[in-house]
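K.L.:
Letter by letter, the chains look like this.
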Amino acid sequence: MISIGIDAGAATTKAVVLRDNEIAGYTIIPTGFDFRKAGEKAFEEVLSNCGISESKVGTILATGYGRNSIGFADKTISEITAHARGVGYLIPAAHTIIDIGGQDSKVISTENGKVVDFLMNDRCAAGTGKFLEYTAKALEISLDELGTLALVSKNPANISSMCTVFAESEVISLRAQKTKKEDIAAGLIESIILRTTAMVKKLGIKPEVAFVGGVAKNPGVVKAFEKALDIAVLLPEEPQITGALGAALLV
Amino acid sequence: MVEDGIFLKSLDLFKEAFPGRINQILKSKEEGKKIIGTLCLYVPDELIYACGADRVILCGGRSATIAAAEEYLPRNLCPLIKSSFGSVIDQKCSKTKSCPHFGLVDLIVAEATCDGKKKMYELMDKYIPTYVMDLPQKPENQNAQEYYIKELESLKDVLEKLTGNKITDAQLRNEIKSANETRKLLHAIYELRKIDSPPIRGTEMLKVLQQMHFLSPGEFRKNLVLLLDELKLKKRENSGPRIMISGCPMAAGNMKVPEIIENRGGLIVAEESCTGTRAFWDLVDEKKEPMKAIAERYLKIPCACMYPNERRINQILKLAGDFNVDGVVYYTLQFCHGYNVEKYRVGEALKKSGIPLLSIETDYSGADTEQIKTRVDAFLEMLE
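Here the protein sequences come in this chain order: W and X. Heads up: the first sequence runs through residues 1 to 251, numbered per the working numbering. Heads up: the second sequence runs through residues 252 to 635, numbered per the working numbering.
Keep in mind that the hints were calculated from the coordinates and are not lab data. Every value quoted in this text rests on a predicted model; they were computed, and no experiment measured them. Heads up, the beta-carbon is just placed ideally off N, CA and C, and yes, glycines get one too. Be aware that one or more of the hints could be misleading.
Across the chosen pairs, the derived CB separations fall in these ranges [claimed, not checked]: (1) Ser142/W to Asp447/X: 54 to 64 Å; (2) Leu194/W to Asn565/X: 27 to 37 Å; (3) Leu143/W to Ser616/X: 28 to 38 Å; (4) Gly204/W to Asn394/X: 37 to 47 Å; (5) Arg326/X to Leu194/W: 21 to 31 Å; (6) Glu599/X to Glu237/W: 55 to 65 Å; (7) Ser161/W to Ala318/X: 22 to 32 Å; (8) Gly204/W to Asn565/X: 47 to 57 Å; (9) Glu237/W to Glu561/X: 26 to 36 Å; (10) Thr454/X to Gly58/W: 35 to 45 Å.
Chain W with its partners taken away, still in its complex shape (with noise of 0.2 Å):
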């Protein structure tokens, strides 16, 4: 049986084949503007990555931000039900969940692939994947540069602005008063890990912890998490895919 899952997100469209519950391939494309067009063009993409025919697909299930507008999707579940089967698939002993995506945070409390408890960040991007892109274009490096360029730094700067807007005038400040530039990447991310950590902690810590979304592929974020939360953080082979393969796995 072959069934697919595509993960409509804000910032890149994820899609997961599962053929008798294995993964078969996935893609991970920019979504752009247009939610549907991507969709198409994730499942597309994914089926002759795959070799497979159309018509040999079951069941599409989408999820994601764009989840509604995926017309030739048969059912749709929303990401956070999706992240934690897809989690619970890969990393069975992870009962808390992080996922940092391009427009938004989640922390997700699960029990054998379910939902327990969950919380989500307010409406703005700050603490997620858009404030990271936003700042590093102010310290005009790219983002994996501001990930590794943080791991080098001795004396993170205190950046305590949560708004994105706030922070990039403040990293402007920063540099006027002429500090290092690793110690700006590493006070951006310690912001970000400073908001969702006290998500964390309001749900609860039950170990282990994973960690998904586009942000988890940041190493000087996944370091950061594991200092502030005192706990190793748990990283899927493919962080960005664990929604798509959730929704898969949910037909």
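Chain W is fixed; fit chain X onto it per the hints.
P.N.:
For chain X alone, kept in the frame of chain W given last:
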């Protein structure tokens, strides 16, 4: 929640009441009646009607008037306060006529509840005469009731001066009786929401309650009788996880969160809010001396601006049990400190009782609709 295609005819009576009510107020004014505007449940209707005045609720639930209000009020302020004030400003500019009944009000009887409202009233007074009655912030204190009665006496003087009518005990007793009738009818309707497939959905009930202090008490009561009759006759298939909303008021025009909950498959069976149980739960004791009985009843309203407020937590737990609730959606307006801070203790109490909680803090804009949908979907999926 699954829609069954059955409609309640009597709900149209509430929906269509707006133009008729405005004409009714205009007519009353021509006949020399005074119109009182209110913005809180702590101002007793009984006093206003006992002196022959009429009243309309002025709480704003729409985002359209907020931009106008922000010329005077800070952005970081509760949307209900901004929306209400914006209606006055807009009215004076007569550009949008967003809230025609504001222009008809002779006196606003306001109340010292939250700081945001109190300070807004100082500005409001420049446009419409505004009288603020004080409230004891520790209603369980020994002398709280005595103090509140004094405030009611002062309000009585103000109303008598405005209308030229005396408020007699007999009139007060009459008004108490009528108001209790309304409360009992609402209890009877809520009783029907306790069953497995309740005949009325939360979004429908909320629209009724949003009219409670806008319509005249007589008209509201008359419509409730018809609604109750219809509900008793009609069998409807309403299903889905049973949700109780708890938190800030949802003034007319504000349907965002309940609509999302029911459109995504939830079934709202109770509202612990000013547009819910807080508006009618306790009755005034008809045997006691009227002012004392009124004070007793109104001080029981468990508003989050009061201290301590254990009674609200107890009420939430009781309602959750009585209405067989699967999960609570704790609804707060942004910058409403009372309800936002109280959320933590309510959450702890619910956790102890094993009742799942989803907390949503929002305003009147549509900017967070998709995020709320995601959370509501996940919550409902979790409950199923």
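K.L.:
Each hint needs a verdict: does it hold in this structure or not?
P.N.:
For each hint, the structure was consulted:
A hinted range of 54 to 64 Å holds for the C-beta pair Ser142/W and Asp447/X, which are about 57 Å apart. Range check, Leu194/W to Asn565/X: about 35 Å between beta-carbon atoms, so the 27 to 37 Å window is met. Our hint of 28 to 38 Å for Leu143/W and Ser616/X holds, since their Cβ atoms are close to 30 Å apart. Look at Gly204/W against Asn394/X: about 42 Å separates their beta carbons, and that is inside 37 to 47 Å.
The hinted window of 21 to 31 Å between Arg326/X and Leu194/W holds, with their beta carbons roughly 25 Å apart. Restraint check, Glu599/X to Glu237/W: a C-beta distance of roughly 38 Å breaks the suggested window 55 to 65 Å. Distance hint check: the CB atoms of Ser161/W and Ala318/X are about 26 Å apart, consistent with the given range 22 to 32 Å. For Gly204/W paired with Asn565/X, a C-beta distance near 25 Å fails the hint of 47 to 57 Å.
Taken as a hint, the range 26 to 36 Å is violated for the pair Glu237/W and Glu561/X, whose Cβ atoms sit roughly 50 Å apart. In this structure the supplied range 35 to 45 Å holds for Thr454/X paired with Gly58/W, their Cβ-Cβ distance being about 36 Å.
When held up to the earlier numbered hints, the structure conflicts with 6, 8 and 9 and fits the remainder.
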